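Asks: The UniProt record's numbering puts the first residue of the sequence shown at 1, with every later residue one more than the last.
Simulated from the structure, these hints should not be mistaken for lab results. Quick caveat: nothing in here was measured; it's all calculated off a predicted structure. There's no promise every hint is true.
[Stated by the list, open to error] Restricting the straight-line Cα-Cα distance to at most 30 angstroms, the calculated cross-link-like pairs of lysine-lysine (DSS-like) are:
{"#": "1", "residue 1": "Lys-330", "residue 2": "Lys-243"}
{"#": "2", "residue 1": "Lys-513", "residue 2": "Lys-591"}
{"#": "3", "residue 1": "Lys-330", "residue 2": "Lys-348"}
{"#": "4", "residue 1": "Lys-403", "residue 2": "Lys-330"}
{"#": "5", "residue 1": "Lys-124", "residue 2": "Lys-47"}
{"#": "6", "residue 1": "Lys-223", "residue 2": "Lys-259"}
{"#": "7", "residue 1": "Lys-161", "residue 2": "Lys-243"}
{"#": "8", "residue 1": "Lys-867", "residue 2": "Lys-359"}
{"#": "9", "residue 1": "Lys-934", "residue 2": "Lys-898"}
{"#": "10", "residue 1": "Lys-513", "residue 2": "Lys-554"}
{"#": "11", "residue 1": "Lys-220", "residue 2": "Lys-259"}
{"#": "12", "residue 1": "Lys-940", "residue 2": "Lys-330"}
{"#": "13", "residue 1": "Lys-807", "residue 2": "Lys-869"}
{"#": "14", "residue 1": "Lys-867", "residue 2": "Lys-882"}
{"#": "15", "residue 1": "Lys-598", "residue 2": "Lys-564"}
{"#": "16", "residue 1": "Lys-128", "residue 2": "Lys-161"}
{"#": "17", "residue 1": "Lys-513", "residue 2": "Lys-330"}
{"#": "18", "residue 1": "Lys-421", "residue 2": "Lys-403"}
{"#": "19", "residue 1": "Lys-268", "residue 2": "Lys-997"}
{"#": "20", "residue 1": "Lys-406", "residue 2": "Lys-388"}
{"#": "21", "residue 1": "Lys-381", "residue 2": "Lys-931"}
{"#": "22", "residue 1": "Lys-291", "residue 2": "Lys-997"}
{"#": "23", "residue 1": "Lys-406", "residue 2": "Lys-381"}
{"#": "24", "residue 1": "Lys-36", "residue 2": "Lys-47"}
{"#": "25", "residue 1": "Lys-329", "residue 2": "Lys-348"}
{"#": "26", "residue 1": "Lys-589", "residue 2": "Lys-606"}
{"#": "27", "residue 1": "Lys-916", "residue 2": "Lys-940"}
{"#": "28", "residue 1": "Lys-898", "residue 2": "Lys-888"}
{"#": "29", "residue 1": "Lys-813", "residue 2": "Lys-916"}
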Amino acid sequence: MLLSIRQLFIVFFAFSIFGFAQKSAIYTSDLQDYQKALTLFNNKQYKAAQSLFDDIKYNTDDAVLQSDCSYYIANCAVRLNQQNADDLITEFVEEYPTSTKKNTAFLDVADYYFENSKFAYARKWYEKVDELSIARSERNRYYFNYGYCLYSTGSRKQATKYLNRVVDSKEYGSQAKYYIGYMAYEGDDYDTANEYFDQVSDNEKYKEKLSYYQADLNFKLGKFEQAIDLATEQLPKSNSNEKSELSKIIGESYFNLEKYPEAIPYLKAYEGKRGRWNNTDYYQLGYAYYKQNDFESAISEFNKIIDGNNSVAQNAYYHLGESYINLDKKPEALNAFRNASQMDFDLKIQEDAWLNYAKISYEIGNPYQSVPQVLSGYIEKYPKTLYKEEIETLLIDSYITSKNYKEALELLRGKNSFENKLAYQKVAFFRGIELYNETRYNEALDMFNNSLKEPRDPEFVAKAAFWRAESEYNLANFNDALIGFKQFAGMDEASSLPENDNLNYNLAYTYFKLKDYNKASDYFNRYINSSLDDRLRRNDAYLRLGDGYFVSSKYQNAINAYDKAIQINEIETDYASFQKAMSHGYLGKSKTKINELKSFINGYSKSALRDDAMYELANTYVKSGNTDAAMRMYDQLNSEYRRSAFTSKALLRQGLVYYNANDNERALNKFKRVAKDFPGSGEAVQAVSTARLIYIDLGRVDEYANWVRSLDYVEVTDVELDNTMYLAAEKPYLENDTDNAIRQFNKYLNQFPNGIHALKSHFYLAQLYYQKDLFENAEPHYTYVVDVSKSEYTEQATVKLCEIYLKNSSWSKAIPVLERLENEADYPQNILYAQSNLMNAYYQIEEYGKAENYADKVLLKDRLDNKIKSDAQLIIARSAIKIGNEEKAREAYAQVQKIASGSVAAEALYYNAYFKHKDGSFEASNTTIQKLAKDYSSYKYYSAKGLVVMAKNYYALNDAFQATYILESVISNFTEFEDVTEEAREELNRIKTEEAKTNSSIDADGN
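With the sequences and hints as input, model every part of the structure.
Replies: Now the structure itself:
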């Protein structure tokens, strides 16, 4: 049956009512849960609230409810710091773009982060907020919060924009003005800052904070009196950090008002940023002390300014220099002025610093560059200076006083004024003396000649002439030396010069070398009659006077001279006694000669002439017919001196005595021993020749022939040719025809390598090669002479061979030859030569113990030349340093310093300073280094090493500026000495690392 429309409506309505009732019940239940979740959220039980919101969202079909649940789920995530919180907020906005809570979500999250001081997070969400959708009553809070977040995250310009919107707000106005003012303060807009700070200065909340800022603002605006008042008022109410900053404001304000006494206590009270001052802080306190004439305190602040490279530093270094000058500390002032002169921030200070640097360099020397360089550098930089005349005068004088003659010559080259020519004359002379003292005679001669080319000062003309002659003498150019000494003698100035004191002595020696013994004796007598003080030289003069008479056969005069020498008893007394005995012999007084020789043998047991005396005594016995006594003396000689040059001669003489007594067998025994033990020697040749006569007399020629064939240096059939070829070589040798003699000797040795005259030929050939500086050619010939049995040539050949090895620094070859010379030499000077070179050779091969032993041996010798003494002490000192025995090194260097000159004196002076530093005598050490810099500036290596020690001294004396400046100068000025610059670099890094702990202007890495 069909239902009516009314019936249908009733049925539909009934069903609708039923459905609505069902849905309403569910919705009511969701709302209750939602209200419960909201209550949990409001009670900050975010985890439980989030869980309940989550359940509601996924169990309801209501879109609005789902939207609200998503909002609170995300909000809870934010408050719970969940990692996906930002994503949940973003998802909410994207999923429900029309939700009324969209803008509220951004603002709510931003406000949450703001309230928890997470301003960067808050800013992110405030940026998403649509400010037009914010209720007017909430906008001021939004503007302030957003502005503050922008301020906190460094966007000061945008922050000011938003904060300015609330400056008239009752709730936020004061805060906004404070932060706007603070941002202006930090941006150095002091007028704006002051304006805003003034508007909130009555607010108790900001009053204390503003006191510091307003004090600082007034300081920065140059209102120093107001700054002082504000800061002083606030000082008692402040914590320690604020007190420090306020003290700085007060101190600097007084400083700028030039009220230095008032400034000092406040500047000192400042504790620095993070406990560290900077260079400006040290400068201000230092300058305040400087203005009070408290130079010690000023220095203690200025010298902490390290790595300064601005106008403040230049000013500080200049006033540091002036402070040092006021305390008469010129070496320290030198460095300060030098540093200021190298900066161009203030050109007036730079020029004045340059002038002071130049003048002090002249007064005390300069360790970095020569004084003439400094002075000429100043004139070049400031050619129109008012001090030009004064500095030019100092410059001329400095060429002499700087003592760096080598460099001074370079600077003077090409300068043509009279003053400069005069300076060149003197500098060339002094450089010549320097080279002469280093035994570089050829170079010294050139310098004296250069000095004489500029004959401006007559006194220096005379002095250069004298020392030129001395150099010629030492180069064995005796004729030229004689001319030079005569020229000097004829000069008017000569008589007033100290060189004149020894002129007669020098002339005497020159004539002696030229074998003009009469004139030599005349000048020796002149010297003796005019000189009473120098016992050593008078002693020597008597010896040479005696020698001159001796070779001139004036034996009684010789005896008188030798007696005088013996009376003085300074040197070579044994030699004088021996020569005196010989002179008696030549006067026919054999008995006197015998007695004196016997006394000599007994009285001079260690004399190198004792074997000579034995040989002469034996010969004299022979002449007087006392052959038994002669034979006993020959035997004693052969027994005590097996390696003597007289041993072969004594044996030969014994053979001849037997031969003359017709005791042929005993004679043959002696001759055969000579021929066997001394092959190739002149005595061996004579022994063979005399033996031949005996064999002929005895009719035993075959026996002679057999014996001679056993001698490889005698070829019987070629004796005549041997003699002829040797004479052909000897003739050009005696005539000084060097090249021809070399050819002929080589020809002889090629023909007769074991010839009768082989020994002499090798020796003469070696001498000829040596004279021509062909040392490699000479070496094998000297070696031959040294290796065969001892002869009259052995000692001289050994010395020459040593010289060749030493010239080439062939230490391993030189040492055994030097040791042989030491053991076998007859002349004391050769023993000394061997020992002094052995000490050096062993040092060179790093056998320091042996080097020291030989140095000790040398020092045991009497009346040593100062140079030899110095060398020996130097080897001891250097060896001791190498093995770490500093006490021994200290003693040795102290001895060296007393007598050394040149580079050795510089080395000794350096170690003097080094040991004073080790002892903690820092100022005394620096005084020594200053002397090193002034007097030995040309010896750069030890100057550089001395500066490193000086830097360490200054740092120990709490002068960090001097220490670092000196080390930096060493690093830049002495690059050629890598070991020194490396030490300087390490020390500089150490000091800077330490100083960076209290000075923020220094690189913490010390670089």
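Asks: It remains to establish, for every hint, whether it holds in the given structure.
Replies: Hints, verified against the model:
| no. | hint | in the structure |
| --- | --- | --- |
| 1 | Lys-330 - Lys-243 | violated (40 angstroms) |
| 2 | Lys-513 - Lys-591 | violated (33 angstroms) |
| 3 | Lys-330 - Lys-348 | holds (21 angstroms) |
| 4 | Lys-403 - Lys-330 | holds (19 angstroms) |
| 5 | Lys-124 - Lys-47 | holds (24 angstroms) |
| 6 | Lys-223 - Lys-259 | holds (15 angstroms) |
| 7 | Lys-161 - Lys-243 | violated (34 angstroms) |
| 8 | Lys-867 - Lys-359 | violated (36 angstroms) |
| 9 | Lys-934 - Lys-898 | holds (18 angstroms) |
| 10 | Lys-513 - Lys-554 | holds (18 angstroms) |
| 11 | Lys-220 - Lys-259 | holds (18 angstroms) |
| 12 | Lys-940 - Lys-330 | holds (21 angstroms) |
| 13 | Lys-807 - Lys-869 | holds (21 angstroms) |
| 14 | Lys-867 - Lys-882 | holds (22 angstroms) |
| 15 | Lys-598 - Lys-564 | holds (21 angstroms) |
| 16 | Lys-128 - Lys-161 | holds (17 angstroms) |
| 17 | Lys-513 - Lys-330 | violated (53 angstroms) |
| 18 | Lys-421 - Lys-403 | holds (17 angstroms) |
| 19 | Lys-268 - Lys-997 | holds (18 angstroms) |
| 20 | Lys-406 - Lys-388 | holds (25 angstroms) |
| 21 | Lys-381 - Lys-931 | holds (28 angstroms) |
| 22 | Lys-291 - Lys-997 | holds (28 angstroms) |
| 23 | Lys-406 - Lys-381 | holds (24 angstroms) |
| 24 | Lys-36 - Lys-47 | holds (13 angstroms) |
| 25 | Lys-329 - Lys-348 | holds (23 angstroms) |
| 26 | Lys-589 - Lys-606 | holds (26 angstroms) |
| 27 | Lys-916 - Lys-940 | holds (21 angstroms) |
| 28 | Lys-898 - Lys-888 | holds (16 angstroms) |
| 29 | Lys-813 - Lys-916 | violated (40 angstroms) |
Against the hints set out earlier in the document, violations occur for numbers 1, 2, 7, 8, 17 and 29.
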